[in-house]
Structures are given as structure tokens and as C-alpha cells.
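Colleague: Model the full structure from these sequences, guided by the hints.
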Amino acid sequence: MSLRIEPMQRVQKAENKDELLTPEIRADIDAWIAKYPEEWKQSACMAALSIVQDANGGSLTTALMDQVADYLDMPPIAVYEVATFYSMYEHKPVGRHKICLCTNVSCMINGSDDIYEHLRTRLGIGFGEVTTDGRFSLKEVECLGACGGAPMMQIGHNYYENLTLTLVDQILDGLE
Amino acid sequence: MTDETITIEVDGCSLEAKAGQMLIEVTDAAGISVPRFCYHKHLSIAANCRMCLVEVEKAPKPLPACATPVADGMKVFTRSPLARAAQKGTMEFLLINHPLDCPICDQGGECELQDVAVGYGGDVSRYTEAKRVVRDEDIGPLIATDMTRCIHCTRCVRFGGEIAGLRELGATGRGEHMRIGVFVEQALNSELSGNVIDLCPVGALTSKPFRFAARSWELIQQDGIAPHDGVGSNVRLHVRRNEVMRVVPKENDAVNQTWISDRDRFSYQGLQTDDRLEVPMLRENGRLREADWDEALQAAARILLDTPEGNLGTLVSPSATLEELFLAGKLTRALGSDSIDHRLRQQDFRGDVADPAMPWLGRRFADIENNEATLIVGSWLRKDQPLLNLRVRQSVLNGGVAMAINPADLDFNYDLDVDVVCKPSEMVQELAGVAAALGASTEGIAVTPDEAHKTAARLLQQAGKGMVLLGSAALMHPDYALLRRLAANIARAAGIEWGSTGFGANDTGAWLAGAVPHRRADGSAGQGKDAKSMLDGPSETLLLLGCEPDADFADPQRTAGALGSAKVIALSSYRSDALLAAADVVLPVATFAETSGTLVNLQGDVQSFVAAITPPGEARPAWKVLRVLGNLVDADGFEHNSSTEVRDELLQLRGQIQPDNTLGESAECPQGFLPAGLQRIGGIPMYGLDAITRRAAALQATPDAWDGTLRLNAATAAGHSIEPGGRVRLVQDGLSVELPVSVDERVPDDCVWLPAAVQESAGLGCSFASVSVEKA
Chain G
1 MSLRIEPMQR
11 VQKAENKDEL
21 LTPEIRADID
31 AWIAKYPEEW
41 KQSACMAALS
51 IVQDANGGSL
61 TTALMDQVAD
71 YLDMPPIAVY
81 EVATFYSMYE
91 HKPVGRHKIC
101 LCTNVSCMIN
111 GSDDIYEHLR
121 TRLGIGFGEV
131 TTDGRFSLKE
141 VECLGACGGA
151 PMMQIGHNYY
161 ENLTLTLVDQ
171 ILDGLE
Chain P
1001 MTDETITIEV
1011 DGCSLEAKAG
1021 QMLIEVTDAA
1031 GISVPRFCYH
1041 KHLSIAANCR
1051 MCLVEVEKAP
1061 KPLPACATPV
1071 ADGMKVFTRS
1081 PLARAAQKGT
1091 MEFLLINHPL
1101 DCPICDQGGE
1111 CELQDVAVGY
1121 GGDVSRYTEA
1131 KRVVRDEDIG
1141 PLIATDMTRC
1151 IHCTRCVRFG
1161 GEIAGLRELG
1171 ATGRGEHMRI
1181 GVFVEQALNS
1191 ELSGNVIDLC
1201 PVGALTSKPF
1211 RFAARSWELI
1221 QQDGIAPHDG
1231 VGSNVRLHVR
1241 RNEVMRVVPK
1251 ENDAVNQTWI
1261 SDRDRFSYQG
1271 LQTDDRLEVP
1281 MLRENGRLRE
1291 ADWDEALQAA
1301 ARILLDTPEG
1311 NLGTLVSPSA
1321 TLEELFLAGK
1331 LTRALGSDSI
1341 DHRLRQQDFR
1351 GDVADPAMPW
1361 LGRRFADIEN
1371 NEATLIVGSW
1381 LRKDQPLLNL
1391 RVRQSVLNGG
1401 VAMAINPADL
1411 DFNYDLDVDV
1421 VCKPSEMVQE
1431 LAGVAAALGA
1441 STEGIAVTPD
1451 EAHKTAARLL
1461 QQAGKGMVLL
1471 GSAALMHPDY
1481 ALLRRLAANI
1491 ARAAGIEWGS
1501 TGFGANDTGA
1511 WLAGAVPHRR
1521 ADGSAGQGKD
1531 AKSMLDGPSE
1541 TLLLLGCEPD
1551 ADFADPQRTA
1561 GALGSAKVIA
1571 LSSYRSDALL
1581 AAADVVLPVA
1591 TFAETSGTLV
1601 NLQGDVQSFV
1611 AAITPPGEAR
1621 PAWKVLRVLG
1631 NLVDADGFEH
1641 NSSTEVRDEL
1651 LQLRGQIQPD
1661 NTLGESAECP
1671 QGFLPAGLQR
1681 IGGIPMYGLD
1691 AITRRAAALQ
1701 ATPDAWDGTL
1711 RLNAATAAGH
1721 SIEPGGRVRL
1731 VQDGLSVELP
1741 VSVDERVPDD
1751 CVWLPAAVQE
1761 SAGLGCSFAS
1771 VSVEKA
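Quick note, the sequences are listed as chains G and P, same order. Position 40 of the first sequence, counted from 1, bears residue number 40 in the working numbering, the numbering being contiguous throughout. Position 595 of the second sequence, counted from 1, bears residue number 1595 in the working numbering, the numbering being contiguous throughout.
Simulated from the structure, these hints should not be mistaken for lab results. Check each hint, because a few of them may be wrong.
Chain G regions said to be covered by chain P (calculated; three or more residues, Cβ under 8 Å) [claimed, not checked]:
hint, stretch
1, 8–14
2, 23–33
Derived DSBU-like pairs: lysine-lysine, alpha-carbon spacing no greater than 35 Å straight-line [what the hints assert, rightly or not]:
hint, chain 1, residue 1, chain 2, residue 2
3, P, 1131, G, 41
4, P, 1454, G, 13
5, P, 1208, G, 92
6, P, 1465, G, 41
7, G, 139, P, 1131
8, G, 17, P, 1208
Where is the CB? At the ideal position from N, CA and C, for every residue including glycine.
Modeller: In C-alpha cells:
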């Protein structure tokens, strides 16, 4: 045998694709599918998962991943593989604002432990937990590539760098 | 890869190789051992275990031999200090998270990790931190999981996608949290799933029925031939204390490559059951009693001698060995009857006069991979003939097309270019449509080809190599003779082959051995009755070999009736109520593992095997029983001392007979099956094929086993005011059976699906028939 470079299509393709997800989500995913060669629909898998996750309040369910698999003609397990490999996909419900705090070397040296303690005291939750009002959830992440601004965190699509305890309070106060 | 031959140097030896070949293929061919876990010659290259690192001159780092293409003049060192250091380093990493539970691991003693660790591992582990633990998923009744032992080679994952055509296992999570599994816990659906047990280099995936049953070094290995389907997979039986503990594949590229189906792997469970026959039995004053061999054989001989000439009928299993079939035919003919048949499930014998001398698959297995077009008629090939399906799938991957005409919308693990789903009775019109589109004779069927027919015809016509493949549903069809003529017409018009998959392990052998009424073992024509006519009677005496009256015949009810009014001598390995109710003499015989014999597979390979264990109790190999019966009725030519003598006599008798599917002339067979109302779809469930399979507990617990319901689609259910989940009475020819209903959209309109060879259908007649349903 040889090295294998071919799409992971499944034989039994879902028939009623227009019943999957919502028309808006399908349109968004279609825009991504269009970027790749026709037989490489699966290349849109990561984008599709992000779109579906955003529409579902920030987390994925098996049922949603199955619909993505159906829509992209992929074996469901291949979608699970992607969705469990990357840390930006959530498999449990998260808060309205997902605070991703980096604790890797640069951030740790610059005081990410203190930031974590502060967040923990203020929100009353540790890593992997959601506040009871569903407003915040806290997540420990590996390096997000912003070592120049360590310590840092990501909330939603925004990076917040050079954090201090006061700055953290200001940021959180500014979120609904 | 090109055909250009180049020379490389490995450990100072000069080796010839083809440009572009991977290094490990060249070293393997030369017998140079390079340790590996993820590489497998039939799977794609992953290069993720890093165990096969070797030193290559001018390369700055060690390279994985499995993913390094050879180049002219390349100098490779597999045992240099650099290579050794790399291999030992990899080994140390692989062992970091591997539990040291070899003493309780089923893989212990036959484990690739153990073997390689002996050569490349350190004697003391330097790792003192915590090891990871992985939760085990339940992936069905066949495969046990101990995922903590997994080293992430991904052979099982690649097997699913590339060979089985169904990607069910995957690697979820990342880094330390990566794990192999199904994610959503469910039983594997692949009919080839057991092969991951062999592929797994460690003890993560092991055989569930074999779990904790024996250690590998206690087992004695005996070569055998799988006795279920016509592929004749080469297997190894692993035996301990006269018990078959498990079955594993034996490599044979021409037959089964390195794979076997789950049916071949786990059917051994049916060998040791409570209902094995261990002593002969005899009917006396209306009751069966145990008897000794002498008494029972004398009684059987008396029945045979008392039978008026021509009134003996012999019904033999299509999975019986060549020797058994030959001696059964010889005995029957010595008693003045030609009535012997192995086609127990066939309904339509109108085509017998046109039968070729030795029908076969039509193409060799390896050639099927080169098919440019394959038309499957009446077969869920994936489940009926898993390894044959593998070849057809390969042909599709090689750029060929596959098409199917089936009485249900069955899933295949490759795309079908034409997928016709029709009522059983319409299979004739559909096939005739393809014939008409090719300009071939439609055998008098008036049909206008539609788009599907024209597409199929065009694809078949364009194909230089290809075949029409008749499956078990076609063979069991009430208009089989017509379907067969149509298939032959299509094949002739398109310039391709045709053939059929048969029912058992020895269909081709049965023709060779003369186990048909119209063709004797010496090739001369016979005048006997076929299986159906024998049962239609009157047959004064019926001799059964290896078949169960309620499950192995086309029409269980007609069979029960015929057996009830005849004297019955049954050679059987199992007691079943239907058999004991009918038999006058019961002679316990050996199964495939307990006898020597020969099976001829669908491509005509004559494969002999010897017994791996002795039969239970007083059971004896059937060929010996038949030989003694021959002596007792004073027939000539029953002096064999071994099964090889029987086989050699037959092979000499047949001379240079070649498998051939050319049909002779026969009268037209008009379409006879034209039911008005509901039609019953029959067919044999994958694990209902023969007596052994039906008794294999693990196989019966898989999702492939029939679930006991009558299947029909929602529209049909609504049309007949049947509530899904409720119970109905299915009426067929005045007979009826009550059973629950389930909705299955694979079933065409106005059809119900109730397979043959299951207990619920034993009270009915033929499996493709006109039926009606009423609320129970």
C-alpha cells in the first residue's frame, strides 16, 4: 500500500440534506465548501463545526456533529475526531462568555496563576466550570500565540493581553 | 511506482527493488527484520508508531522504513548504533503508558509489543510517573476492549476505512487524551470486524468469546478451511484439549488474503453446544431410543435395501465435504436411484437440462478486483459473501462500477451506479430490461428498457472485464431458471462473465462429486429427482446429510410433510426437534473441525484439510459412515481407507473437468411467479446460513442477527392498517405465523420481509411467495 491522500467520504450519503441544521447555517457552511475542490467537502469540517457551535450557544452535541457528518458526507467518527482534537470545540454547555486563560510558560511567568486565582474568587468557578447564572465559563488553554502580551486571555473572538487584576475586572464589568 | 529496477544496500547486502517501493517492503521481502507496529502490507501507510526507524546514509536523522521510498544507490543500516538508539528510544516511549498486565492479557505470548520489547526494550523502566488509564467501550459481542493497552498504531482505524469500507473506529482526543474507540458507544456493524483482533499489535482489541479462555502457548494450531461460504477462506483452528478455542485467518492471497469474515472466525462456538448428537438413535415402536453403531447401521442398511429401486432420495448439505458428497451419491446410485441433490434451498429446477458440467463463480477472486463493471442480482453481497464483496469493493476502488438489482434497498460499502430496488417478482422484468437494452434475448418477457436499464446496459457493454453475479436471493427465486438465462444472455451480449455465489462452502464441489440428480460423478447423465420433486414425493426413503429440515430447505413445510411420510435416515451433527421428529435412524457425524475432507470453493480451488479435534461422544466422520453403509448394502467400491483415497478416486474419475458456466439448450421458462397482493421477501440471514452458524452464540448477539420481526415499510403498513410495534398474522398458502412488526424503509412497497432459516418462518413455505397479513 501507499500513503493515502484521498477524502474520507462515506458510501451511504444522507438524502434529505435540506432538513439538516438550519437554512442559515447551511448557507454559511456552503460558503466554506465552495472554497475547496468538489470532492474535498470534508475540508469544511472545522469551519462547519465552528458555525454550528456558535449557533448552539458555544458548544456541540453528538446530534449536531452527526448532522455536520451527514451534511459533509463524512463518517460520523471522522467528525468526532476533529471535534475532540481541537480545544476550541466544546462538548459541554458553556457560559455566555467563555474565558480562555492561557497558563503556558510565558503567561505563567508573567502571573497567569494570579489571574486565575482572581477569576476564581470573583466568579466562584474553577477551570471547566460555568457560573450558576450561565454568564461565564472558565477554560484553561495552551499557548494562543500571544506570548508578547503575556499574561493573556481570550473571550469570544477577542484577545486581551498584558492582563492585570484591575484590567481583568474592567473587562468583565464591560461584558453583559 | 514504476517497473524500473534499482539496487540499494541494506546492512551491507545489495538488494534489488522497484523504484518508489517503500524501504520496509524491500527489507521484508529480503527477510531483514525491521520492528514495526503501525505498518501493515494491506493498509495505507501511517508512519505514526516510529518503531521502524533506520539509518539512511546522507539523511540527517533516522527515517521510518515504512514511509521512505527507496532510491538507487541508497545505503541503509537497520542495526547501526544510530538506528538501534532510535528504535530503543521509540520502544521506551511506547512502553511509558502501556500497562504491565501481560500476565492477565489475552495477547500475552503472541503479542507484537512483547516480542519487540524483548529485542528493543530496556530491562528496567526509567518511568516513574503515573500511567494513563482509558475507559473501555462496549463495541459488541465479538471484540473485547482494553484500551489502556492501546499504543495508537491506528491499524484498526485504517482497516475500517480502507478494507471494511465502514469507518467505525477512530482516534478521538489529542495527545495524552487521544484514544481509539467509537465515541458513541455501539456495536460494530462491519461483517469483517473481527479482523481488527488480528491487526491489533497489542492486547487492546481481543476476541470476546475467547476472553480468558486459554493462553496462546497452550494451543495447538491446525490448518483448516472455513466451511460456510463459497470463498473457502484458509483458517487456522487453535485447539486445546480437543476443543476448538478460536479460529484465525491463514494467509492465502488467491483466496482470502489475510482476512476472514466474522462468520468464519466465530462460528466455532457452534461446535460445542448442548445439542450435539453423540450417540446413534433408532426408532422403535414409534419412539427414538439410543442405540449402538452396529445396530443403527444395520437398521439403516435394512431400510435402504428394503427401498424399491428409484424410491430413495438423498438430500445433502451444500457445505458437506467433497468426500461425503461423492460417497452419498455413490451409495444412492448403487441402490438404483439418481435422486441426490444439494440444492436444498432452490425452488426452480426448470433449467436443469441446460446445466453446465461444473458451474462456478465465473471469475477468479483476484480477477474480480479488475472488474470494470459488476451487476449484482439478488444478493446483499456484503453480508452474504463478505470476502467476495471485498473483491467487488476493490474493483470499485480501482475505478470499476457496481450495480445491483435487489428486492430490498440494502446498503453496500461502495457506491452503486445503478441501484434497482423492486418487488421479488419484478426482478425478472428488471433483469429483462437490462437484457433488452443490450439487444439480448429477454426470454419472452415484454419489457421496455427504462433509464436505469439503459445505464446498466451501457456500463456493462463498455466494460472489457466484468460479470453478472447471481446471489442467494436469485438462487432461491421461484423464477431462478429465468433469471439465470437472462443473466447469461446479458453476459454474452456484453462480452463479460456471469456466475452465482452458491449457498454453502462446497456448491462447486457438489457438482464435481455428482451430488445432483442429473449429473453423475463420472460425468454421465442421471435421471433422478431434484430436491423439490423428492420432497413432493412419493419418496419411500430419504437420506439426509448435514441438513436440518426446518431451516436448510426452500420449503420447510413441504419438507416436514415429506419427512413425515417417508423412512428417514439422518446423518447429522446436531439434534433438532424437527429432525428427531422425522428420523427413523439418526447417525451422529462429525463437523468440519472433526473430520478430514475437501471443499471446492467458488473459483474451483480444491482445498483439503485434516481433522483438528475428534468428534464428541460416538460421532464419526460422515464419509466413514457412508463407506460402512456402502459395505452393508453390498455395494462395490466402498473400500477406502482414508478420505484422501475417496477424493483421489473422484478426481481421477472427473479427469480434466474445468469449471464452466456455459448453458446448454433448454425450453423457454415462462415467468411463473406473478403474485397479486403482498409478496414475502425471504433470503437467508447472515448468521442463519447453516447449523453451525445458527448455534454460534456471539454471532447471534450481533446486530446482523435477525431481530424476530416482520419488516415492512411505513406505506405498506398504513395501507394494510398495521400498527408498527403491533403483532400480525402472516398467512402464506393457508399456513400462518404470528409475529411482531417493525417498520423498515429498505423494504419495497407491498412487500414484507421475513427471512428463511429462522424459527419463525419454519411454519411456512417457500421464502419468496404471495402472502397476506391480518391483525393478530
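Colleague: Work down the list of hints and note, for each, if the structure agrees.
Modeller: Comparing the hints with the structure gives:
1. 8–14: holds (count 4)
2. 23–33: violated (count 0)
3. 1131/P / 41/G: With a Cα-Cα distance of about 39 Å, the restraint between residue 1131/P and residue 41/G is violated, given a limit of 35 Å.
4. 1454/P / 13/G: Given that 35 Å is the threshold and the Cα spacing comes to 24 Å, the pair holds.
5. 1208/P / 92/G: Answer holds: residue 1208/P to residue 92/G is near 33 Å, not above 35 Å.
6. 1465/P / 41/G: Satisfied, since the Cα-Cα distance of roughly 32 Å is no more than 35 Å.
7. 139/G / 1131/P: 25 Å, holds
8. 17/G / 1208/P: 38 Å, violated
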